[in-house]
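In case you want the letters, here they are:
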Amino acid sequence: MSSCPSGNNQQSASLLWTADSSFLNGVSHHKQITMGVLLEYEHDYQYHDHDNDSNDSAYDEDYFGDLHTVCDKQEVRSFAGVFLPVIYTLALVLGLAGNSLVVFIYLSHKRLRTLTDVFILNLAFADLLLLFTLPFWAADAVNGWQIGTAACKITSALYTTNFSCSMLLLSCISIDRYRALAKGSAHTPARNNSRKHRIIMCLVVWGIAIVLGLPDMVFYTVRVQHSSERYTCRAVYPHSMARAAKATLEILEVSLSFILPFLVMMFCYCRVGVALSQAATAGVHGGRRWRAFRVLIAVVGVFLLTQLPYNVVKLIKTLDVIYILVTECDVSKNLDLANQITESLALTHCCLNPVLYVFIGSSFKMHIIKLAKHWSQTGRGYRHGNEQPAIEISLKSATQTHTNSSSGNEDTSTFTI
Amino acid sequence: METQSSTMKFQILALLLLLACMYPSIAQGYYENCCLKYVTGIKKNMRRNIMSYRVQLTDGGCNIPAVVFKMRLKKQLKPKSVCADPRSDWVQAIIKELDEKNKRAM
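For the record, the sequence lines run as chains A and B.
Quick note: the first sequence, position 89, residue 89 per the UniProt record's numbering, numbers continuous.
Quick note: the second sequence, position 15, residue 15 per the UniProt record's numbering, numbers continuous.
Mixed in with the good hints there might be a few duds.
What the hints assert, rightly or not - Label pairs and their in silico Cβ distance ranges:
#1 A/V204 to B/Q92: 52 to 58 Å
#2 B/K103 to A/I259: 52 to 58 Å
#3 B/V55 to A/I199: 47 to 53 Å
No lab work stands behind these hints, which were simulated from the structure alone.
Even for Gly, the Cβ is constructed at its ideal location relative to N, Cα and C.
Pulled out of the complex, with its shape left as it was, chain A reads as follows (with noise of 0.2 Å):
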């Protein structure tokens, strides 16, 4: 789609759209638009002209550019009809895989031992329940939205919840992980003050989350879609307050969700990195080490690999809505199209949180091995050797100066490689 400058000197030859030379050849005094944005679904008011007198009006036609006609995403929704359920398949079906498999290994055989363990069970929790909602949304991408408000209103709730409830919980896993590196210095709780020191994090955190999906809940509504005249599921404002809402949510959601546990996991995590560097001193083999770091490289690697994108493209379609900076078709098309793709890589971390956090540790490993001989007839004796508390050694030892393995095994929150 060619790009024109406007202007109202019609004798400029910038304005020359037509594609039939023998045509601009026989007419030299009228110039036509021979290209032109084609909406068939326009529902308009419509009036009868009767004026049908318009022989002079073909003089002027080339007034007017596609820099001033509809932008028209036909092209963006087909895109989404066919890309969004396909993505939203394949999350579907490994997210619910690698979660469900987290939920049952720990509530059937895994006690919670850590706050840790109670973090990755309610992240589990959230990423379920974030799958759950994609359906709904590539059948509304396919379809549109056949089954009412409420269920517009409740399934747009349940994914920003869950959204931000799972970033939040990834933040508060590099606190704990953080946390249990400082704990030498400080005097270990009691057990029952423990356990309601869990529950209030867990409260805390899925509060958070649900205050964040409760504009959702208000906003989201169902609307006709003009330009296909089929029924929608988005947000609506009230247009007076439009453009103000909609940008100060993005920008709180973005915080909230990406630049909070971002910061947090950053910090937590150098921390974790300097003293797993420190514990090189204490004579710790330096695989167990070099595992370690590989672990908090990935986990921040793949947060940032689907998250960011995401997010500064948000970002952009927010600046874009304060000032208006996007004025050219082509741009905003892609703009929209960007923000499809990078949506749906942002969704592939509920896939991926099973493996980041739970698989990669050897105790998990030991539960499913357990778990694997139990189903099958034939007995495996293979183990895994005892890696685990030596690294939970190593790591006492950079920060404390008596190891007291029983109480460590008992209370401390440990990290669990």
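With chain A fixed as given, assemble chain B onto it according to the hints.
Okay, now just chain B, sitting in the frame of chain A:
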């Protein structure tokens, strides 16, 4: 053996879900057709080609308020939609003319 069986089951499930999602042939989404900027003016002899108008609201789907005039052009097979600033006097005048014309038609 079990792992391959599980993988195959997941693949079959994924394929079925994919087919179910792909069954409807018309693909639409919430990405609205919006005005991104305004035309500076429409000459008077062109205004009689305006057939109808609609109002674009800033309710979350589009970023700017606009009036979209649908115009019948002699050489075009399809009507052409032109975006105009609803705060302009000339736009208000055209809307008034269309409303009055509509009243006379009824």
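Using the beta carbons of B/K103 and A/I259, state whether their distance is inside 52 to 58 Å or not. Cβ of B/K103 to Cβ of A/I259: about 55 Å, so the range 52 to 58 Å holds.
Lying within 52 to 58 Å: is that true of the beta-carbon distance A/V204 to B/Q92? holds (53 Å)
Note whether the CB distance of B/V55 and A/I199 lies within 47 to 53 Å or breaks it. holds (52 Å)
Checked against the numbered hints above, the structure violates none of them.
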